[in-house]
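Fit chain to chain and form the complex, with the hints in mind.
From first to last, the protein sequence lines stand for chains L and H.
Just so you know, the first sequence maps onto residues 1 to 117 in this note's numbering.
Just so you know, the second sequence maps onto residues 118 to 229 in this note's numbering.
What the hints contain is simulated information worked out from the structure, not anything from laboratory work.
Any given hint might turn out to be false.
[Said to hold, decoys possible] SDA-like cross-link-like pairs, simulated, lysine to any residue; straight-line CA separation at most 20 Å:
(1) 23(L) x 75(L)
(2) 65(L) x 118(H)
(3) 67(L) x 216(H)
(4) 225(H) x 41(L)
(5) 63(L) x 119(H)
(6) 63(L) x 216(H)
(7) 65(L) x 119(H)
(8) 23(L) x 167(H)
(9) 63(L) x 118(H)
(10) 66(L) x 217(H)
(11) 63(L) x 120(H)
(12) 65(L) x 215(H)
(13) 225(H) x 93(L)
(14) 63(L) x 217(H)
(15) 67(L) x 217(H)
(16) 23(L) x 164(H)
(17) 63(L) x 222(H)
(18) 65(L) x 217(H)
(19) 225(H) x 43(L)
(20) 196(H) x 228(H)
(21) 225(H) x 3(L)
(22) 63(L) x 215(H)
(23) 225(H) x 42(L)
(24) 225(H) x 44(L)
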Amino acid sequence: EVQLQQSGPEVGRPGSSVKISCKASGYTFTDYVMNWVKQSPGQGLEWIGWIDPEYGSTDYAEKFKKKATLTADTSSNTAYIQLSSLTSEDTATYFCAREDYGGYDYWGQGVMVTVSS
Amino acid sequence: DVVLTQTPPTLSATIGQSVSISCRSSQSLLHSNGNTYLNWLLQRPGQPPQLLIYLVSRLESGVPNRFSGSGSGTDFTLKISGVEAEDLGVYYCVQSTHAPDTFGAGTKLELK
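This is chain H alone, in the form it adopts within the complex (with noise of 0.2 Å):
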C-alpha cells in the first residue's frame, strides 16, 4: 500500500500567519491517465471531514481561495495564507491513484 508521511504532526500558529503542510508518498501518484489523485482533507473537532483541494491544486468549491495545493509525483504542499480561526483542525492528505486509498497521518493546526 501506498505509504503518505505528512510533516509537521503539529502546526502552531497565528491568526494570519501562512503555513505549509507536507506530504510525501512512497510511490509517485501519477497515474497512467494523466491524473494524479492526491486530495486534501480538514477536519475540524467532532466534525466529518471536509474536502479542501482535490486532483492537487483544483479548489473544491465553497472553499476560501487562501488554500492552495501544489506537488507532483511524491511531493505535495498544502499551504494556508494567513490562517483564520476556523482553519483549526486535522488536516490530511489522501491518495487514490494506486488501490487502496490510503490516508495520511494528520497534521494538527493549533493557534500559538
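Chain L extracted, bound-state conformation (with noise of 0.2 Å):
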C-alpha cells in the first residue's frame, strides 16, 4: 500500500527555518516525481515545487524559488521540504504529493506550520 507519512506540526519564529519530512512506503522511491502544495487557512490549493528523487532535480514556482528548497534522501525513501525566513504568510498546511501520468495521485496527510513569536 503507497503511503507518503508526514512529520508533525512546526511552530517557527519570524524570521527562522522549519523543515517538513515526507516518508514514502509502498513504491519504489525513485519511481516517480514528488510535488509540495500549500493550503493556507480556510483557502485554496498552490503548487511550491517538486523534486525528481532519482536526479535530485527539482523546479520551483516563481514565488517560492527564495523561500522553499526541496531535497530528498533515497536512502530512507524521504522528501523533505525546507522553508526559510518565515513570516505570517507561511503559515499554512503542506502536503506533499506524488505524480503519476496526469495526477498527484497520492498525497500525504498534511504539515500545519504555523509562524509565531
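Printed below as a string of C-alpha cells:
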C-alpha cells in the first residue's frame, strides 16, 4: 500500500526556518516525482514545486524560489521541504503529493506550520 | 500562469441529486503530446485532497463511477450522478499542461 507519512506540526519564529519530511512507502521512491502543495488557512491549494528523487532535479513556482528548498534522501525514501525566513504568510498546511502520469495520485496527511513569536 | 475559473463557488444538493461543476481555463490545456492534463480533486473536511479524475475523463482507481469528467481545450466539467453524503467537501480542478501547475479556487459541495 502506497503511503506518504509526513512529520508533525511545526511552530517557527519569524525569520527562522523549518524543515518538514515526507516518508514514502509501498512503492519505488525513485520512480515518481514528488510535489509539494501549500494550503493557507481556509484557502485553496497552491503548487510549490517538485523534486525528482532519482536525479535530485527540482522545479519551483516563481514565488517560492527564495522561500522553499526541496531535497530527497533515497536511502530513507524521504522527501523534505525547508521553508526559510518565515513570515506570517507562511502559516499554512503543507502537503507532499506523488505525481503519477497525469495527476497527484497519493497525498501525505499534511503538516501545519504556524509562524509565531 | 494559467488561471482556472471554477463555477459555482458553492453548490447545495440533496442526496441523490445530480450536479455539475465547471472549470474554465485561461488557455488551452491541450499539450503538444496530445494529452490534456486536467484533473479533479476532492478534499473532504480535515483531509488531504484525493484524486478523482485525471486526463479530463479517466476515473482514478477506487473512485465510484458516479463521478465523470468531460471537456476539451478550455472548458471542462465534473459531474456527480447521484450525490451521496460522502461526496461533501471542496472540489478542485488542477492543470499540469503548462508550468507551473495551477489549481482552481474550489467548489464547495454541501447538503441542501
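* Between residue 65(L) and residue 215(H), does the CA-CA distance stay at or below 20 Å? -> At roughly 18 Å apart (the allowed maximum being 20 Å), residue 215(H) and residue 65(L) satisfy the hint.
* To do: Take the C-alpha atoms of residue 63(L) and residue 118(H), compute the straight-line distance between them, and say whether it is at most 20 Å.
  => holds, 12 Å
* Taken at face value, is the distance from the CA of residue 119(H) to the CA of residue 65(L) at most 20 Å? -> holds, 19 Å
* **Satisfaction of hint between residue 167(H) and residue 23(L), Cα-Cα up to 20 Å** => holds, 18 Å
* To do: Below or equal to 20 Å on CA atoms is what counts here, so check residue 63(L) against residue 119(H).
  => Satisfied, since the Cα-Cα distance of roughly 15 Å is no more than 20 Å.
* Asked: Would the pair residue 225(H) and residue 41(L) pass a check requiring their Cα atoms to be no farther apart than 20 Å?
  -> holds, 15 Å
* Asked: Taking 20 Å as the top limit, are the C-alpha atoms of residue 196(H) and residue 228(H) close enough?
  -> holds, 16 Å
* To do: Take a quick look at whether residue 63(L) and residue 216(H) sit within 20 Å of each other, Cα to Cα.
  => Given that 20 Å is the threshold and the Cα spacing comes to 13 Å, the pair holds.
* Measure nothing beyond the straight line between the CA atoms of residue 23(L) and residue 75(L); if it is 20 Å or shorter, mark the hint as holding. => holds, 11 Å
* With a cut-off of 20 Å on the C-alpha distance, tell me whether residue 66(L) and residue 217(H) pass. => Measuring from Cα to Cα gives roughly 16 Å; hence the hint holds.
* To do: For the pair we were handed, residue 225(H) and residue 3(L), check the Cα-Cα distance against 20 Å.
  => violated, 27 Å
* Asked: Regarding the pair residue 63(L) and residue 120(H), is the alpha-carbon distance no greater than 20 Å?
  -> Judged against 20 Å, a Cα distance of about 16 Å means the pair holds.
Violated hint for the displayed structure: number 21, the only one.
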